[in-house]
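**Q** Chain A is already provided as a structure; the job is to place chain B on it using the hints.
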Amino acid sequence: MKKYFIIIIAILFVAGLLYVYLVPSPVEVEVAIVKRGIFRRSIKTDGILRSKDRYIIPAFGDGDIKRIELKVGDPVKKGAVVAQLYWDTGYLPLKSPIDGVISRVFHESAGPVRRGDQIVEVVNPRNLEIISELLTTDATQVRIGNSVTGEGWGGKDPIRAVVVRISKAGFIKLSALGVEEEKTEIIADLKDPSSEMLEHLGSNFHLDISIEIGTIENALLIPIGAIFRVGQDWAVYKIVNNRARETKIEIKVRGTDEVVIEKGLVENERIINYPGDLVKEGTRIKIK
Amino acid sequence: MVTNSLDIKLFRDLKQLRAQTITTAILVICGVSLLVSSWSAFQSLRSVRDSYYKNYQFADIFAEFKAAPAEIIAKIRHLDGIESAEARIVMDGLVYLKTQPEPALARFIMLTPANQSNLNKLYIRRGRLPVESTEIEIAVHEAFAEANNLSLGDTFKILIQGQSEDAKIVGITISPEFVYALNPAAPLPDDHHFGIFWLLPKPLQRMAKMKDVTNSIIAKMSKDASTGAVLERVNQVLKPYGNSGAYERKHQLSNMFVEDEIRQQKASAIITPSIFLLVAAFLTHIILSRLVAIHRPQIATLKALGYYDREISLHYMKMILIMMLVGAIPGIFLGDIIGILLTRTYQQFFHFPNLNFSLSLQAAIIGLVAGITPALLGGWSGLRAIYKLTPAEAMRAPSPPVYKPSIIERWGLQTRISIKTKMVWRNLFFRPVRLLLSVLGICAALAVIVTGGSWNDMTDFLMATQFQRQQREDMSVSFLKPLPASSIRELLNIPGILAAEGQRSVPARLIYKNHKRELGITGWPDHIQMSRKLDKDLKNIEIPDNGILLSRYFQDAWGLKVGENIDIEILEGKLPVFSTRIAAFSDDLIGLSASMKFRPLLKELKEETGYNVVTLKVDPIKSTEVYVKLKNFSQIYSVNLKKQLYLGFQESMGGLIRVFTMVLIIFALAIAIGIIYNSVRVSFSERSWEMASLRILGFSKGSVFEMLTSEIVTQISLAIIPGCLAGWGLVYLSMESIHAETFSFPVFIEPSTFAMAILVIIFALIFSLLIMLRMIGSINLVDALKVRE
Chain A
28 MKKYFIIIIA
38 ILFVAGLLYV
48 YLVPSPVEVE
58 VAIVKRGIFR
68 RSIKTDGILR
78 SKDRYIIPAF
88 GDGDIKRIEL
98 KVGDPVKKGA
108 VVAQLYWDTG
118 YLPLKSPIDG
128 VISRVFHESA
138 GPVRRGDQIV
148 EVVNPRNLEI
158 ISELLTTDAT
168 QVRIGNSVTG
178 EGWGGKDPIR
188 AVVVRISKAG
198 FIKLSALGVE
208 EEKTEIIADL
218 KDPSSEMLEH
228 LGSNFHLDIS
238 IEIGTIENAL
248 LIPIGAIFRV
258 GQDWAVYKIV
268 NNRARETKIE
278 IKVRGTDEVV
288 IEKGLVENER
298 IINYPGDLVK
308 EGTRIKIK
Chain B
17 MVTNSLDIKL
27 FRDLKQLRAQ
37 TITTAILVIC
47 GVSLLVSSWS
57 AFQSLRSVRD
67 SYYKNYQFAD
77 IFAEFKAAPA
87 EIIAKIRHLD
97 GIESAEARIV
107 MDGLVYLKTQ
117 PEPALARFIM
127 LTPANQSNLN
137 KLYIRRGRLP
147 VESTEIEIAV
157 HEAFAEANNL
167 SLGDTFKILI
177 QGQSEDAKIV
187 GITISPEFVY
197 ALNPAAPLPD
207 DHHFGIFWLL
217 PKPLQRMAKM
227 KDVTNSIIAK
237 MSKDASTGAV
247 LERVNQVLKP
257 YGNSGAYERK
267 HQLSNMFVED
277 EIRQQKASAI
287 ITPSIFLLVA
297 AFLTHIILSR
307 LVAIHRPQIA
317 TLKALGYYDR
327 EISLHYMKMI
337 LIMMLVGAIP
347 GIFLGDIIGI
357 LLTRTYQQFF
367 HFPNLNFSLS
377 LQAAIIGLVA
387 GITPALLGGW
397 SGLRAIYKLT
407 PAEAMRAPSP
417 PVYKPSIIER
427 WGLQTRISIK
437 TKMVWRNLFF
447 RPVRLLLSVL
457 GICAALAVIV
467 TGGSWNDMTD
477 FLMATQFQRQ
487 QREDMSVSFL
497 KPLPASSIRE
507 LLNIPGILAA
517 EGQRSVPARL
527 IYKNHKRELG
537 ITGWPDHIQM
547 SRKLDKDLKN
557 IEIPDNGILL
567 SRYFQDAWGL
577 KVGENIDIEI
587 LEGKLPVFST
597 RIAAFSDDLI
607 GLSASMKFRP
617 LLKELKEETG
627 YNVVTLKVDP
637 IKSTEVYVKL
647 KNFSQIYSVN
657 LKKQLYLGFQ
667 ESMGGLIRVF
677 TMVLIIFALA
687 IAIGIIYNSV
697 RVSFSERSWE
707 MASLRILGFS
717 KGSVFEMLTS
727 EIVTQISLAI
737 IPGCLAGWGL
747 VYLSMESIHA
757 ETFSFPVFIE
767 PSTFAMAILV
777 IIFALIFSLL
787 IMLRMIGSIN
797 LVDALKVRE
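Order-wise, the sequence lines are chains A and B. For the first sequence, the residue numbers in this note's numbering are 28 to 315. For the second sequence, the residue numbers in this note's numbering are 17 to 805.
Bound-form chain A, shown alone (with noise of 0.2 Å):
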């Protein structure tokens, strides 16, 4: 008896160990949840702070003017002194419209000026909007109020705007990879600049945009890094059991991180984002 006991522990032994041996082991993978919420599309790119209020003030008429001693950056007063023209009979002043600062000296040495020549530009630096140039593909999906988040600014909190005009005027520009492209403008207001954005900010400072151009409610969504293709189409990981079951789904809309499902998959299914290679239809998953 006792001969067929260790017999059968021994045959249970081995098939133990091809076991082992055999069947891989179960991959560790990220999980991500479907989940409902809002979808939001975006457009992020660069963007420069500008001033609305921007005045360039002129030489009026033909003559001298002194040196400028004042620099970019410079705060002025309403009505201070930016510069002296000599006209006819004496140093006559060229004066500051309003309260700003100077953001462009065009001419700074003393010398002859004809009337009309640009001398200094002042800006109100507190009444600032956001300049971006897009490509005009990207302009076109931009409407009048979608909603621009500026960041990268030095501050906490992102700077908030609202999109008031998309120039129709539209340009060519060497872009940034170095190809000639079809540019617009694109120009939002800030909503609510807390004064802290207003102490900071100034004009021709640069920041990180997002544009937020079309908004689902209600959507189902998954992040982009779950999808792969199968064919023609597109399929996700589910987590079924433990098990990875390959689920062809069908995307309504797809955005820069997330995606918007219209088939395929239901309110808090767990599927694997970025499978890797080593994930296959059935391979066993541990969850991390």
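Possibly wrong hints are sitting among the right ones.
[Unchecked claim] List of simulated lysine-lysine pairs, DSBU-like, C-alpha gap at most 30 Å:
hint	chain 1	residue 1	chain 2	residue 2
1	A	Lys183	B	Lys549
2	A	Lys218	B	Lys622
3	A	Lys218	A	Lys183
4	A	Lys200	A	Lys79
5	A	Lys290	B	Lys638
6	B	Lys225	B	Lys137
7	B	Lys31	B	Lys404
8	B	Lys549	A	Lys313
9	B	Lys173	B	Lys622
10	B	Lys266	A	Lys30
11	B	Lys70	A	Lys71
12	B	Lys638	A	Lys279
13	A	Lys200	B	Lys647
14	B	Lys227	B	Lys184
15	A	Lys275	A	Lys313
16	A	Lys218	B	Lys227
17	A	Lys200	B	Lys645
18	B	Lys497	A	Lys62
19	A	Lys200	B	Lys225
20	B	Lys173	B	Lys70
21	B	Lys319	B	Lys31
22	A	Lys307	A	Lys62
23	B	Lys266	B	Lys532
24	B	Lys236	B	Lys218
25	B	Lys647	A	Lys71
26	B	Lys266	B	Lys438
27	A	Lys200	B	Lys173
28	B	Lys529	B	Lys577
29	B	Lys225	A	Lys79
30	B	Lys497	A	Lys183
31	A	Lys275	B	Lys236
32	A	Lys200	B	Lys25
33	B	Lys173	B	Lys218
34	B	Lys266	B	Lys25
35	B	Lys638	B	Lys173
36	B	Lys137	A	Lys183
37	A	Lys183	B	Lys529
38	B	Lys184	B	Lys645
39	B	Lys236	A	Lys307
40	B	Lys497	B	Lys225
Quick caveat, the hints were computed from the structure, so don't treat them as lab data.
**A** Just chain B, lined up with the frame of chain A:
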């Protein structure tokens, strides 16, 4: 006359011991062949490398920088400790072959005209060096030429800095600078898509728009110069020119790989064969001591007849020597063959002028000695016993062995256990030394298999971690210079690109007290999905909002602590210097890394924006078009196809590792069968008398078989856990011995490897038992009982 009779006896005895001789010989063949091939490979690799570097003037000092006036070379040449130096231009560009739709990445190197002092000389495989001509003549590295089937006279377009011109191949060459043709941008060799080219100064300067400008310097140090000091001086001169730091041969990319390989061959020449040969020693010991026991009467007779102790000992020594030589000599020949195969594999990766395998005499002698030594070591005690045997005593029956109460008796269990079990138990523990040796031998076999299997497991782990879990992108691009976020937007607008994440990478120097290190700092954006950093438990590491994340190496080697400050010098752009707080450490598997959040890094760089690396998720249907489109952007410097690299690696290295593992398993099987079979055989013959008695008493054949089986199964069972642990330990030790600096691999062995190891042993067991079964059946009961008087 006397010797002749002894020799006849020798032949007869050896014939009887056929099976054991063969199993032991297989073991010795394995050990010796591995030793001989590894040692020879190590020697030939080393000598080829040394002579190549010497004859082709491989430089000692290297420096790459953005751009400096060509006259800077005069300053370098005058530095203390520099014997000779050359300035050249190294420029990356693209090459359009007619056989491939997409262009290949190319590194163009300026050829110094032959009449000036020449460093890093080219070895011409076919053709000649470029000369001035109406069209651009270039020499191509043979790795690229072979991978793409190029021949002399082929023309294609080359693209450098936006200028595209035709070039003609006039020579296929190699250089000591590129024994291993690796693109620094990609971690693994990819000869199809990356090539090295040499051309004359005029065309290169013209296309790169770098007239009288240099961006790379190579130099030879004078004999007694101190490397550190010379590097410092060179750095001083090159400081204003965007120098990423001069370095010595030790840190030159191609050389590093060659050095590593040489070191590994040396290590493997010592470790694995030692295991085999130790096991051979155990076996010899077992075999000889059994032989002496059985031949007692014969030895006694010989001595009584007048043979000297010396002669008899010599006779038996001859026996074990022949047993060993039966293995050692074929082992040397097999080693030759393995060496040739090894060299052929090397030729794929390492491009030396002549890498031929030649069995060095030194290696053959070492192999022979190594083959024979275990015999002498193992047989020592047996030979001594022979020596000491007095004829009179020997002719008597041996005094009954002393049996002390074993554990079973001491614990009073003897009534509860069956007779068979008691017999097995007492027999095993009667000779504890032999039991120990057997168990150790099986442990060795297990350890070897586990080691072999672990290579596969760890490579899979590395690949999975790198590519499945950390760098999850399909492609990544590097820009020539940092670009604003609109570049990412532009990439997203390309049909086929589904997602894009931008990063900023800058070369920097970390400084802490007296420690300095150059590496790249990566600035990560806030929401990263594709590329991630993982710790050794494969959990996501958050990039700290403030401060810097460094590899664990810096904590161990520099004594840094979280919260301390470290100084950073940025080695490009405005060359800013700043100090930052260490926020955390990460356990990188390979290489050293430094990470910060994108915005804080840019702030220190005093820049508003600038991404220079973008990772992409690409629609597989459009992947070729996307690749071609990306390659053709003038601002994109390189496009990395992760999947391609992964597959390329799997093909080349993966296949190699699998073959290596297979070989190791076969060898381990040889060990296992050797030990198990011999152990059972010896046990059987020693107790043939007892077993015959048992049979006569009425025990069935099955019972006898069962007893023998129990013995060997107990030995194996005792060996399983220590063996697996030993395997784990071996792997741990070999991990430690690799370049500890940038390699902090956790030992990762899949349970399936352990299962495989145990299954192999079981296979060996079954094999041996089947043979045993035949023998038991043929016990001649009458003869067996005649052994004792």
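**Q** Each hint: holds or not?
**A** How the hints compare with the structure:
In summary, the hint linking lysine 183(A) to lysine 549(B) is supported, as the alpha carbons are separated by about 25 Å, within the 30 Å threshold. Between lysine 218(A) and lysine 622(B), the direct Cα distance comes to roughly 28 Å. Compliance with the 30 Å bound is thereby established for this hinted pair. A hinted pair counts as satisfied when its Cα atoms are at most 30 Å apart, and lysine 218(A) with lysine 183(A) qualifies at roughly 16 Å. Using a Cα cut-off of 30 Å, the hinted pair lysine 200(A) and lysine 79(A) holds, with the two alpha carbons roughly 24 Å apart.
A C-alpha spacing of about 23 Å is found between lysine 290(A) and lysine 638(B), which places the hinted pair at or below 30 Å, so the restraint holds. Using a Cα cut-off of 30 Å, the hinted pair lysine 225(B) and lysine 137(B) holds, with the two alpha carbons roughly 25 Å apart. For the proposed pair lysine 31(B) and lysine 404(B), the alpha carbon gap of about 26 Å is at most 30 Å, so the pair holds. Proximity of lysine 549(B) to lysine 313(A) is assessed by CA-CA distance (about 20 Å); at most 30 Å being required, the pair is judged to hold.
At most 30 Å may separate the alpha-carbon atoms for a hinted pair to count; lysine 173(B) and lysine 622(B) exceed this at roughly 39 Å. Under the criterion of a C-alpha separation no larger than 30 Å, the hint pairing lysine 266(B) with lysine 30(A) is inconsistent with the structure, at around 64 Å. Distance hint between lysine 70(B) and lysine 71(A) is unfulfilled; the C-alpha atoms sit about 55 Å from each other, more than 30 Å. About 20 Å separates the Cα atoms of lysine 638(B) and lysine 279(A), which keeps this hinted pair within 30 Å; it holds.
Distance check on the hinted pair: lysine 200(A) and lysine 647(B) sit about 21 Å apart at the alpha-carbon level, within 30 Å; holds. Proposed proximity of lysine 227(B) and lysine 184(B) is supported: the alpha carbons are some 22 Å apart, at most 30 Å. About 22 Å separates the Cα atoms of lysine 275(A) and lysine 313(A), which keeps this hinted pair within 30 Å; it holds. For a cut-off of 30 Å, the pair hint linking lysine 218(A) to lysine 227(B) is broken: about 53 Å separates their Cα positions.
Between lysine 200(A) and lysine 645(B) the CA atoms are separated by roughly 19 Å; this keeps the pair inside 30 Å, and the hint holds. Taking the CA atoms of lysine 497(B) and lysine 62(A), the gap is near 39 Å; set against the 30 Å cutoff, the hint is violated. This hinted pair checks out: lysine 200(A) and lysine 225(B) have alpha carbons roughly 24 Å apart, not beyond 30 Å. The straight-line distance between the Cα atoms of lysine 173(B) and lysine 70(B) is roughly 35 Å, outside the 30 Å bound, and the hint therefore fails.
Proposed proximity of lysine 319(B) and lysine 31(B) is supported: the alpha carbons are some 23 Å apart, at most 30 Å. Between lysine 307(A) and lysine 62(A), the direct Cα distance comes to roughly 24 Å. Compliance with the 30 Å bound is thereby established for this hinted pair. Of the pairs offered as hints, the one joining lysine 266(B) and lysine 532(B) holds, with about 16 Å between alpha carbons and a cut-off of 30 Å not exceeded. Pair hint lysine 236(B) plus lysine 218(B) holds up; C-alpha atoms about 25 Å apart against a cutoff of 30 Å.
Distance hint between lysine 647(B) and lysine 71(A) is fulfilled; the C-alpha atoms sit about 23 Å from each other, no more than 30 Å. With a C-alpha separation of about 63 Å, the suggested pair lysine 266(B) and lysine 438(B) falls outside the 30 Å cut-off, and the hint is violated. Straight-line distance between C-alpha atoms of lysine 200(A) and lysine 173(B) comes to about 28 Å, which keeps the hinted pair within the 30 Å bound. Only pairs whose Cα atoms come within 30 Å are accepted, and lysine 529(B) paired with lysine 577(B) is accepted, the gap being roughly 13 Å.
This hinted pair does not check out: lysine 225(B) and lysine 79(A) have alpha carbons roughly 43 Å apart, beyond 30 Å. A C-alpha spacing of about 28 Å is found between lysine 497(B) and lysine 183(A), which places the hinted pair at or below 30 Å, so the restraint holds. Using a Cα cut-off of 30 Å, the hinted pair lysine 275(A) and lysine 236(B) is violated, with the two alpha carbons roughly 62 Å apart. This hinted pair does not check out: lysine 200(A) and lysine 25(B) have alpha carbons roughly 99 Å apart, beyond 30 Å.
Note on lysine 173(B) and lysine 218(B): the hinted pairing holds, with a Cα-Cα distance of about 17 Å set against a maximum of 30 Å. Of the supplied pair hints, the one linking lysine 266(B) and lysine 25(B) is violated, its CA atoms being roughly 60 Å apart against a limit of 30 Å. A distance of roughly 25 Å separates the Cα atoms of lysine 638(B) and lysine 173(B); the hinted pair therefore holds under the 30 Å criterion. Restraint check: the Cα-Cα separation between lysine 137(B) and lysine 183(A) comes to about 57 Å, which exceeds 30 Å; the hinted pair is violated.
For the suggested pair lysine 183(A) and lysine 529(B), the alpha carbons sit about 34 Å apart, so the restraint of at most 30 Å is broken. Our distance criterion of 30 Å between C-alpha atoms is met by lysine 184(B) and lysine 645(B), whose separation comes to about 25 Å. With a C-alpha separation of about 54 Å, the suggested pair lysine 236(B) and lysine 307(A) falls outside the 30 Å cut-off, and the hint is violated. Taking the CA atoms of lysine 497(B) and lysine 225(B), the gap is near 17 Å; set against the 30 Å cutoff, the hint holds.
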